[in-house]
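Spelled out, the chains give:
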Amino acid sequence: MSYGHTSAESKLFGIVAEFESEASIIEATGKTVEAGYHHVEAYTPYPLEELIDILDLHKNKVALVILIGGLVGCAAGFFMQYFASVIHYPINVGGRPFNSWPSFIPVMFECTILFASISAVLSMILMNGLPRPYHPMFNVDRFQYASQDRFFLCIEADDPKFNPEETRQFLESLHPHEVSEVEE
Amino acid sequence: MSKEKAGENQTAIYTGDRLIDPEYNNTTVTSKISNIVLHKDAPAQLYIAAAIGLPIIGILGMSVTYLFLVGTGIWGLNVPVAWGFAIINFVWWIGIGHAGTLISAILHLMRQDWRNSINRFAEAMTIFAVMCAGMFPLLHVGRPWVAYWLMPIPNTMGLWPQWRSPLVWDVFAVSTYFTVSLLFWYVGMIPDLGTLRDRAKHPVIKRIFGVFALGWRGATSHWARYEKAYLILAGLSTPLVLSVHSIVSFDFAISLVPGWHTTIFPPYFVAGAIYAGFAMVLTLTIPVRKWYHLEGLITIRHLENMGKIVMATGFIVIYGYAMEIFISWYSAGPYEGFMMYNRMTGQYAPFYWALIFCNAVSIQILWWKKARRSPVVLFIISLIVGVGMWLERFIIVATSLANDFMPSSWDHYSGTVWDWSIYIGTIGFFMFMMCLFIRFLPMIPMTEMKMIIPKHREKDD
Numbered sequence: 555m556s557y558g559h560t561s562a563e564s565k566l567f568g569i570v571a572e573f574e575s576e577a578s579i580i581e582a583t584g585k586t587v588e589a590g591y592h593h594v595e596a597y598t599p600y601p602l603e604e605l606i607d608i609l610d611l612h613k614n615k616v617a618l619v620i621l622i623g624g625l626v627g628c629a630a631g632f633f634m635q636y637f638a639s640v641i642h643y644p645i646n647v648g649g650r651p652f653n654s655w656p657s658f659i660p661v662m663f664e665c666t667i668l669f670a671s672i673s674a675v676l677s678m679i680l681m682n683g684l685p686r687p688y689h690p691m692f693n694v695d696r697f698q699y700a701s702q703d704r705f706f707l708c709i710e711a712d713d714p715k716f717n718p719e720e721t722r723q724f725l726e727s728l729h730p731h732e733v734s735e736v737e738e
Numbered sequence: 016m017s018k019e020k021a022g023e024n025q026t027a028i029y030t031g032d033r034l035i036d037p038e039y040n041n042t043t044v045t046s047k048i049s050n051i052v053l054h055k056d057a058p059a060q061l062y063i064a065a066a067i068g069l070p071i072i073g074i075l076g077m078s079v080t081y082l083f084l085v086g087t088g089i090w091g092l093n094v095p096v097a098w099g100f101a102i103i104n105f106v107w108w109i110g111i112g113h114a115g116t117l118i119s120a121i122l123h124l125m126r127q128d129w130r131n132s133i134n135r136f137a138e139a140m141t142i143f144a145v146m147c148a149g150m151f152p153l154l155h156v157g158r159p160w161v162a163y164w165l166m167p168i169p170n171t172m173g174l175w176p177q178w179r180s181p182l183v184w185d186v187f188a189v190s191t192y193f194t195v196s197l198l199f200w201y202v203g204m205i206p207d208l209g210t211l212r213d214r215a216k217h218p219v220i221k222r223i224f225g226v227f228a229l230g231w232r233g234a235t236s237h238w239a240r241y242e243k244a245y246l247i248l249a250g251l252s253t254p255l256v257l258s259v260h261s262i263v264s265f266d267f268a269i270s271l272v273p274g275w276h277t278t279i280f281p282p283y284f285v286a287g288a289i290y291a292g293f294a295m296v297l298t299l300t301i302p303v304r305k306w307y308h309l310e311g312l313i314t315i316r317h318l319e320n321m322g323k324i325v326m327a328t329g330f331i332v333i334y335g336y337a338m339e340i341f342i343s344w345y346s347a348g349p350y351e352g353f354m355m356y357n358r359m360t361g362q363y364a365p366f367y368w369a370l371i372f373c374n375a376v377s378i379q380i381l382w383w384k385k386a387r388r389s390p391v392v393l394f395i396i397s398l399i400v401g402v403g404m405w406l407e408r409f410i411i412v413a414t415s416l417a418n419d420f421m422p423s424s425w426d427h428y429s430g431t432v433w434d435w436s437i438y439i440g441t442i443g444f445f446m447f448m449m450c451l452f453i454r455f456l457p458m459i460p461m462t463e464m465k466m467i468i469p470k471h472r473e474k475d476d
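Residue numbers (the working numbering), protein chains in the order written: chain A, 555 to 738; chain B, 16 to 476.
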């Protein structure tokens with residue numbers, strides 16, 4: 555960037571290193587975590603199971619939200635039909651019970667799936683903090699390749715161990731393609 | 016840029032047995048697939064296909080307008096055949112849609128990597144096929160302006176849907192299916208939309224993709240949630256797809272009409288749906304793969320695998336036909352027995368035998384590996400199966416109703432020009448929508464292709 559020399563004035567979000575291969579970012583992320591950095595994020599064009607392992611991100615609440623969504627859907631499906639056929643407009647058809655629950659099952663099932671799926675999508679998007687069109691990472695010129703064929707590792711400035719000079723040197727020691735500062 | 020150009024002009028057609036041409040790497044896969052969307056020019060064939068589809072949508076619009084003005088009397092329906100093309104086409108279209116969900120959800124759960132290059136395409140097919148399917152019941156209700164009575168909307172008339180009717184179950188099944196398919200399709204596309212946002216040069220296009228990408232940046236913490244949500248969505252879609260066609264078959268099976276009232280209907284319908292759907296995936300992918308030179312991404316191995324699934328589901332369908340014949344004899348019911356005799360020798364016998372030829376005989380050629388690996392043979396077979404599955408629904412609907420319990424009420428049923436124009440109209444709509452999809456969205460998931468590259472490059476070297 556041409557105005558790079560003024561970067562000290564703007565706030566720093568973190569320092570990012572760019573890697574060219576899957577193997578190198580996995581190795582680098584491992585070393586970063588070993589070195590004691592916690593506020594670390596890796597940006598990759600496709601999910602890498604190893605990075606999820608290293609950054610210990612396997613536990614999340616998505617599944618729980620989906621379960622709750624599904625149960626709510628199931629109950630809503632049942633009570634919708636129960637309310638209509640027992641409370642609001644009971645019709646006696648040949649002495650059949652008003653609450654003929656076996657024939658309510660298909661609609662209950664569909665409501666379960668519908669609610670669970672909507673919760674899956676919404677919980678994933680909202681817990682990820684999306685939609686968020688702007689993010690400091692997008693200020694990095696080469697970050698456009700993170701969705702294509704390059705791998706980025708960012709150590710964020712709010713990490714207790716973060717120090718602009720030392721962190722930069724540390725990242726450079728991991729043999730990246732390039733290291734750059736991320737402005738807030 | 017020169018690198019991209021080289022990828023573009025790749026003329027050597029990949030004929031190997033891998034799931035991806037080993038020449039491809041992360042960079043070239045990205046440029047190959049995203050350039051289809053971002054470059055100005057598209058193959059002439061696509062424009063021709065769209066130019067055929069668009070006027071047919073006009074025919075659809077005209078026919079529907081006339082239908083609304085005059086009523087369903089313009090169709091060939093009359094007592095005793097009160098269900099005709101509308102239900103046949105509905106079942107046919109929704110069945111076609113099911114292959115998309117099978118590919119994207121069930122094969123994902125089974126960790127079949129070969130789904131990765133065809134799933135986006137098949138999911139788009141699902142969405143447009145379900146749109147086509149959904150039109151028919153709405154057109155058939157007679158008074159489409161009160162079609163909202165099917166939904167449980169509290170109103171001053173105190174009306175509620177009849178919860179014990181499979182037709183209402185259908186409303187819920189199909190609308191849930193459409194919603195979930197759309198969500199699944201969109202979620203799978205978010206990372207790719209991010210890629211397109213990053214690669215687009217034109218600021219407006221960049222902004223449009225940016226809005227739909229929701230600011231996706233590929234953070235690992237996001238991927239962790241994304242992968243989990245996607246996997247569970249696949250797990251939810253799997254029983255959903257089975258339930259949808261089971262419920263569609265309940266429309267028939269819950270009634271007491273001979274030939275409909277059988278317990279084999281749900282599994283037999285589901286298998287038939289996947290059978291027709293895979294045939295449609297082949298019908299669409301084979302030409303598109305050629306137009307866009309995608310032989311290195313949708314390889315012969317993909318086609319062969321799809322051929323195998325066509326064959327496997329075809330055999331389940333053949334088993335269904337055999338069981339229908341057996342049970343009509345074994346049940347010793349005179350009406351059941353007559354139904355089968357009537358199918359084979361009655362007024363619609365030529366259609367019955369045509370369906371047996373299309374669905375049971377023609378696919379036997381796929382026993383030969385050479386046939387399974389030939390795009391031309393597969394394309395022809397897929398068209399035959401598509402026709403055969405339509406005939407199957409026609410036979411199920413028409414024979415049982417036209418010759419019912421009482422000979423005095425028997426009649427002959429056939430579609431009128433309006434039946435055909437609406438049916439063909441939906442095919443045009445489907446074709447046109449697929450063309451738009453291919454032109455404006457990434458038809459092969461870049462993210463998922465990149466996931467399988469390392470695995471399949473090292474394999475069998």
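To be clear, the hints were calculated from the coordinates, so they are not data collected in a lab.
Accuracy of the hints is not assured; some may be wrong.
What the hints assert, rightly or not - Non-contacting residues of chain B with respect to chain A, defined by C-beta distances greater than 10 Å in every case (computed):
no.: 1; residue: Trp175
no.: 2; residue: Leu198
no.: 3; residue: Ile220
no.: 4; residue: Ile279
no.: 5; residue: Phe372
no.: 6; residue: Leu398
no.: 7; residue: Thr431
Said to hold, decoys possible - Chain A side only, calculated, beta carbon under 7 Å to chain B, not exhaustive:
no.: 8; residue: Pro599
no.: 9; residue: Ala630
no.: 10; residue: Ile659
no.: 11; residue: Asn693
Stated by the list, open to error - To give an idea of the chain B side of the interface with chain A (calculated C-beta under 8 Å), a few residues:
no.: 12; residue: Tyr163
no.: 13; residue: Asn170
no.: 14; residue: Thr171
no.: 15; residue: Phe193
no.: 16; residue: Thr210
no.: 17; residue: Gly233
no.: 18; residue: Thr235
no.: 19; residue: Tyr241
no.: 20; residue: Ser346
no.: 21; residue: Ala347
no.: 22; residue: Gly348
no.: 23; residue: Ile380
no.: 24; residue: Thr462
no.: 25; residue: Lys465
Bear in mind the structure is a predicted one, so any value in this text is a computation, not a measurement.
For each residue, glycine too, the CB sits at the ideal point set by N, CA and C.
- Could you check if Ile380/B really has its C-beta closer than 8 Å to a C-beta on chain A? violated (38 Å)
- Message: Min Cβ distance, Thr171/B to chain A: is it shorter than 8 Å?
- Response: Nearest chain A Cβ about 13 Å off; hint violated.
- Task: Taking the shortest Cβ-to-Cβ distance between Phe372/B and chain A, state whether it exceeds 10 Å.
- Result: Non-interface label stands for Phe372/B: nearest chain A Cβ at 35 Å, farther than 10 Å.
- Message: So Ile220/B supposedly isn't at the interface. Is its beta-carbon more than 10 Å from every beta-carbon in chain A?
- Response: Non-interface label on Ile220/B holds, nearest chain A Cβ at 14 Å vs cutoff 10 Å.
- Item | Given hint Tyr163/B near chain A, where the shortest CB pair must fall under 8 Å | violated (15 Å)
- Distance rule for Thr431/B, whose beta carbon must clear each one in chain A by more than 10 Å: holds (34 Å)
- Message: Given a cut of 8 Å on the nearest C-beta pair, is the interface hint for Gly233/B held or broken against chain A?
- Response: holds (5 Å)
- Item | Evaluation of the interface hint that places Asn693/A against chain B, nearest CB under 7 Å | Violated - the Cβ of Asn693/A stays beyond 7 Å from chain B, reaching only about 12 Å at its closest.
- Closer than 8 Å between Cβ atoms is the bar; does Thr210/B clear it against chain A? Give me holds or violated. Holds, because the Cβ-Cβ distance from Thr210/B to chain A comes to roughly 4 Å (cut-off 8 Å).
- So is Trp175/B really clear of chain A, every C-beta pair being over 10 Å apart? Violated, since 4 Å does not exceed 10 Å.
- Message: Does Gly348/B hold up as a contact with chain A if the rule is Cβ-Cβ below 8 Å?
- Response: violated (24 Å)
- Item | Hint status (Cβ of Asn170/B to nearest Cβ of chain A, threshold 8 Å) | Violated: closest Cβ of chain A sits about 11 Å from Asn170/B, beyond 8 Å.
In summary, the numbered hints that this structure violates are 1, 2, 9, 10, 11, 12, 13, 14, 15, 20, 21, 22, 23.
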